[in-house]
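Residues in the sequence shown are numbered consecutively from 748, following my numbering.
If you're looking for bench data, these hints aren't it; they were derived computationally from the structure. Think of the CB as a built atom: it goes at the ideal place given N, C-alpha and C, for glycine as much as any other residue. Any given hint could turn out to be false.
[Unchecked claim] With a Cα cut of at most 20 Å, we get these calculated EDC-like pairs of lysine to aspartate or glutamate:
| # | residue 1 | residue 2 |
| --- | --- | --- |
| 1 | K860 | E892 |
| 2 | K909 | D838 |
| 3 | K785 | E796 |
| 4 | K840 | E866 |
| 5 | K812 | D895 |
| 6 | K817 | E883 |
| 7 | K911 | E851 |
| 8 | K847 | D824 |
| 9 | K911 | E868 |
| 10 | K817 | D887 |
| 11 | K847 | D895 |
| 12 | K847 | E883 |
| 13 | K860 | D824 |
| 14 | K909 | D895 |
[As the list claims (entries may be wrong)] Label pairs and their in silico Cβ distance ranges:
| # | residue 1 | residue 2 | range |
| --- | --- | --- | --- |
| 15 | K799 | K847 | 47 to 55 Å |
| 16 | K792 | S884 | 20 to 28 Å |
| 17 | K847 | K798 | 47 to 55 Å |
| 18 | K798 | L844 | 55 to 63 Å |
| 19 | D838 | K909 | 14 to 22 Å |
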Amino acid sequence: MDLTTEGISRYKNFIINLLLLAIFGFAAFKLYSFTQDKVLSLLEKKQTEEKKNELLTNILGMEKKLIAYKNFLNKKDITTLLSTIGSIARDNKVNILSIKPLQEESFTAYLRKFPFELEVETDSYHNLGSFIASLESHPDLYVMELLDVASLRQGSEKAFFKLKANLRVVTFLYRG
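All chains should be built: construct the whole structure from the sequences, respecting the hints.
Structure representation (structure tokens):
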């Protein structure tokens with residue numbers, strides 16, 4: 748390469764083009780890396796927003812389930828529940844001798860467990876079974892925890908027999 752004035756002027760355009768190419772290449776690299784960083788941060792934001800949306804969708808679904816369970820569980824007071832049990836007993840030819848409320852328990856943050864003992868009397872196992880089936884299939888959600896059945900004879904040799912049963916029944920009330 749000729750370093751004289753003639754040589755420099757001859758390669759002047761080449762050198763300028765080379766310098767401009769290097770400067771623009773460096774600027775393009777910086778611009779690309781800056782843009783790439785911005786794109787990566789936007790992708791991360793997008794992923795976190797998608798996760799948030801998924802969580803919000805899950806929360807909304809759980810809230811709908813909670814409302815459905817709340818509507819499923821009874822919101823009645825105790826006297827209405829006992830009245831319901833009385834009408835179920837009448838429909839199934841079962842006499843309620845006594846109802847003894849037991850200690851109410853906290854079941855979850857939204858539910859309270861209300862147990863009570865029933866002493867009932869009826870003429871047949873069929874009536875007793877129908878009463879229990881009607882009670883457990885009622886929309887107010889009654890759960891049988893204990894059943895103790897004994898037969899009672901009344902009268903002489905041609906004894907008329909009755910069944911006496913002690914039941915522990917639990918219902919769940921919405922706390923709210």
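Evaluated hints:
no.	hint	verdict
1	K860 with E892	holds, 12 Å
2	K909 with D838	holds, 18 Å
3	K785 with E796	holds, 16 Å
4	K840 with E866	holds, 14 Å
5	K812 with D895	violated, 36 Å
6	K817 with E883	holds, 18 Å
7	K911 with E851	violated, 25 Å
8	K847 with D824	holds, 16 Å
9	K911 with E868	holds, 4 Å
10	K817 with D887	holds, 11 Å
11	K847 with D895	holds, 15 Å
12	K847 with E883	holds, 19 Å
13	K860 with D824	holds, 13 Å
14	K909 with D895	holds, 14 Å
15	K799 with K847: 47 to 55 Å	holds, 51 Å
16	K792 with S884: 20 to 28 Å	violated, 52 Å
17	K847 with K798: 47 to 55 Å	holds, 52 Å
18	K798 with L844: 55 to 63 Å	holds, 59 Å
19	D838 with K909: 14 to 22 Å	holds, 18 Å
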